[in-house]
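A.B. asks: Spelled out from the first residue to the last, the chains are:
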Amino acid sequence: MKKINGAQAIIKCLKEENVHTIFGFPGGAVIDLYDELLNSDIKHILVRHEQGAVHAADGYARATGEVGVALLTSGPGATNGVTGIATAYCDSIPIVVLTGQVPRALIGNDAFQEVDIVGITRPCTKHNYLVNEPEDLVPTIREAFYLAATGRPGPVLIDLPKDVVASMINFPEKKPIKMQTYQPNYDPHPGQIEKACKAILSAKRPVLYVGGGVILSNSSNEVTELAEKLSVPVTMTLMGLGGFPGTNPLSLGMLGMHGSYASNMAVAKSDLLIAVGARFDDRVTGRLDAFAPHAKIIHIDIDPTSISKNVGVDIPIVADCKAALQGMNTWFDKSADFDPKKSADKHKPWLDQVNEWQDKHPLFYQDAGDIIKPQFVVEKINELTGGDAIITTEVGQNQMWAAQFYKFNKPRHLLTSGGLGTMGYGLPAAIGAKMAFPEATVIDIAGDGSIQMNIQELATAKQWNAPVKVAILNNNYLGMVRQWQELFYNRRYSATPMEVTPDFVELAKAYGAVGLRAKTKAEVEPVIKEALATDNLVIMDFLIEREEGVYPMVPAGKATTEMLLV
Amino acid sequence: MKHTLSVLLLNKPGALSRVTGLFSGRGFNIESLCVAETMDPKVSCLTLVTRGEESIIEQITKQLHKLIDVIKVTDVSEGEFVEREMALIRVKAEAGTRAEVLRVIDIFRGKVVDVSPTSYAVEITGPESKIKAVIDILRPIGIKEIIRTGTIAMARAPKK
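Those protein sequences? They're chains H and S, same order as listed. Just so it is clear: in the first sequence, position 460 is 460 by this note's numbering, and no numbers are missing. Converting from the second sequence to this note's numbering requires adding 566 to each position, the first position being numbered 1.
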């Protein structure tokens with residue numbers, strides 16, 4: 001067999017995995033690989049900062065369900081990527097990050113641009129590798145893709161010493177991957193499925209609590225089938241939004257700290273909580289001992305460590321959400337004791353109660369005449385895109401308003417950093433999504449603080465013809481922290497006023513983009529329409545009510561029924 | 567409660583650090599840790615003593631399992647098991663106490679492994695409780711240095 005060099009082997013591996021687009025930034029340690037990229041048809045998107053490359057790969061992965069790939073150089077290139085990797089880790093997003101490393105002979109010598117990136121990323125990757133032997137290169141890359149995409153997905157990093165990439169190797173044939181130490185369990189235990197279904201049959205006030213696992217496992221249809229078959233109300237985590245249609249009458253919207261009143265009340269009064277691919281995060285549960293105090297809990301999750309981590313579970317089902325939901329749907333279809341009509345009748349008083357909560361305390365904001373309310377902007381974006389756009393967000397108030405007021409009807413249409421809460425995620429993630437779906441409308445709902453954390457990626461969007469739309473809800477504050485200071489720190493606004501903010505319209509022009517500004521409510525709709533109508537990259541600068549808050553709000557550490565409403 | 571976990575893991579660079587990093591990162595405690603190659607040189611066995619409520623031990627076990635380099639995790643303290651630790655203790659041994667030190671370590675079936683005009687270094691093997699007992703007895707005589715290995719453990723074979 002003819003030997004090839006490591007760089008050629010890496011490209012061949014990427015082709016094997018059907019990788020068409022990668023995001024990266026070159027440097028001395030990866031120059032061989034970049035040279036080889038010129039000989040391949042893989043599209044390399046040059047970013048302006050390595051964090052952007054990893055977020056873009058992450059956005060690509062979330063939008064498509066495929067593994068996203070980022071390529072970074074050694075040292076600072078790799079460390080700049082760490083926030084992106086941790087972001088993907090917290091939200092279980094499948095990405096493979098290739099980092100350059102100094103030649104093996106120099107490792108450990110404090111060489112130029114050397115850093116122990118495997119050591120640094122050990123706690124924020126699903127797994128990581130330093131390729132020590134040239135013959136390990138190909139099997140390692142294959143294993144990395146396998147690990148990233150299977151089980152509970154996550155980021156995998158491969159550190160590639162420069163001399164390994166330059167060495168000549170045989171390219172082994174691809175065989176099915178079998179790992180002695182890693183065998184995720186996809187199939188639910190039939191006994192547990194039966195137990196869960198029987199518990200559902202006898203429940204009076206059941207609630208489906210849907211998390212990001214439903215989206216990762218592509219089981220939106222299955223969860224919708226189950227909810228409709230049984231007439232069970234559905235609440236979603238931030239990561240679960242779109243996993244069940246937001247406009248379905250059974251949808252209660254999001255739960256938790258900024259969840260809807262009806263969601264939090266329904267969970268608090270429920271007698272059976274069916275958690276699907278959710279992990280009982282503190283932003284969802286509030287004070288743990290007051291979370292779903294009357295409910296028996298069914299928990300479907302592919303990761304055994306998620307089960308009974310924060311909240312005791314009565315019926316655990318360790319399985320792929322899709323397989324488990326299919327199992328439950330089939331069980332009900334076959335069961336002689338089950339009839340959808342009877343189930344709907346049985347749950348009617350409960351659904352009436354839930355609807356009453358919804359009617360009494362819907363998501364709400366006070367109109368303020370000419371002044372732009374951020375919620376109004378999100379509602380208008382929702383209306384003018386028909387709820388069909390891919391929305392990315394930054395982190396903070398912008399993220400919560402997007403989650404509350406955009407009605408996500410489809411999975412993989414909200415790309416947001418839920419677990420880590422990374423400001424600066426939205427713009428590069430939007431570019432990643434746009435590269436995957438050039439025809440889609442992709443909008444980053446941003447704040448004036450967050451957008452500045454990765455604003456350099458405007459140049460990336462421009463260079464690679466990724467005309468995403470950035471909607472800045474500009475209050476000239478770091479708004480979420482300001483809101484906490486208003487409520488819990490006696491309005492002492494320490495370091496939250498953004499005393500200097502660029503003129504975003506002029507800034508857009510500087511990047512060759514279109515800049516639009518709305519100062520009054522009446523200008524909001526024309527600005528959004530114009531942004532959607534142009535083929536170019538657009539920044540919309542909405543000057544919003546400065547001290548608007550996100551409500552309802554459960555103060556940290558309180559019970560989720562202790563909501564501040566407005 | 568005290569638990570003794572036996573963890574089989576791939577003998578790869580960084581594998582141990584994944585285990586210890588997991589404990590420090592998640593705030594689990596490690597009382598002792600012992601690691602060496604098994605019969606299969608590709609596999610290491612790590613014996614780890616930790617304390618915690620049942621729910622914590624369950625999380626520890628699951629989190630260890632989740633590490634890609636970990637093959638198997640057994641809580642040997644759930645059943646019958648043998649545990650051993652070794653300690654090297656340098657104890658003052660001057661004219662008046664030399665004989666007594668020898669008597670004490672004889673009772674505990676220890677060995678003298680190094681002798682100087684003023685001290686003995688003794689080797690003691692046994693469960694943690696025995697090591698503690700020896701130390702308690704030798705302390706009034708004057709202990710200069712203690713080096714302990716930490717516990718290793720093996721589940722007892724079924725009797726039938």
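Don't take each hint at face value.
With a straight-line Cα cutoff of 20 Å, these simulated EDC-like cross-link-like pairs (lysine to aspartate or glutamate) come out [to be verified]:
| id | chain 1 | residue 1 | chain 2 | residue 2 |
| --- | --- | --- | --- | --- |
| 1 | S | LYS628 | H | ASP303 |
| 2 | H | LYS178 | S | ASP635 |
| 3 | H | LYS309 | S | ASP641 |
| 4 | H | LYS509 | H | GLU486 |
| 5 | S | LYS638 | S | GLU620 |
| 6 | S | LYS628 | H | ASP187 |
| 7 | S | LYS726 | S | GLU620 |
| 8 | S | LYS632 | S | GLU646 |
| 9 | H | LYS43 | H | GLU506 |
| 10 | S | LYS578 | H | ASP116 |
| 11 | S | LYS578 | H | ASP303 |
| 12 | H | LYS462 | H | GLU525 |
| 13 | S | LYS608 | H | ASP187 |
| 14 | S | LYS658 | S | GLU644 |
| 15 | S | LYS632 | H | ASP303 |
| 16 | S | LYS658 | S | GLU689 |
| 17 | H | LYS309 | S | GLU624 |
| 18 | S | LYS608 | H | ASP41 |
| 19 | S | LYS696 | S | GLU660 |
| 20 | S | LYS578 | H | GLU143 |
Just a few of them, taken from the derived set where beta-carbon distance is under 7 Å, the chain H residues facing chain S [as the list claims (entries may be wrong)]:
| id | residue |
| --- | --- |
| 21 | ARG122 |
| 22 | THR181 |
| 23 | PRO184 |
Calculated from the model, a selection of chain S residues having no Cβ within reach of chain H, i.e. all distances over 10 Å [stated by the list, open to error]:
| id | residue |
| --- | --- |
| 24 | SER583 |
| 25 | ARG584 |
| 26 | GLY591 |
| 27 | ILE596 |
| 28 | GLU603 |
| 29 | PRO607 |
| 30 | GLU624 |
| 31 | LYS632 |
| 32 | ILE637 |
| 33 | ASP641 |
| 34 | THR663 |
| 35 | ARG675 |
| 36 | SER695 |
| 37 | ALA699 |
Read the hints as simulated data drawn from the structure, not as lab findings. Predicted model only: the values in this text are computed from it and were never measured. Backbone N, C-alpha and C fix where the C-beta goes; we use that ideal spot for every residue, glycine too.
A.B. asks: Would you list, in rising numerical order, the hints stated earlier that this structure does not obey?
C.D. replies: Violated hints: 4, 7, 8, 9, 11, 12, 13, 14, 18, 19, 23, 24, 25, 26, 30, 31 and 32; rest satisfied.
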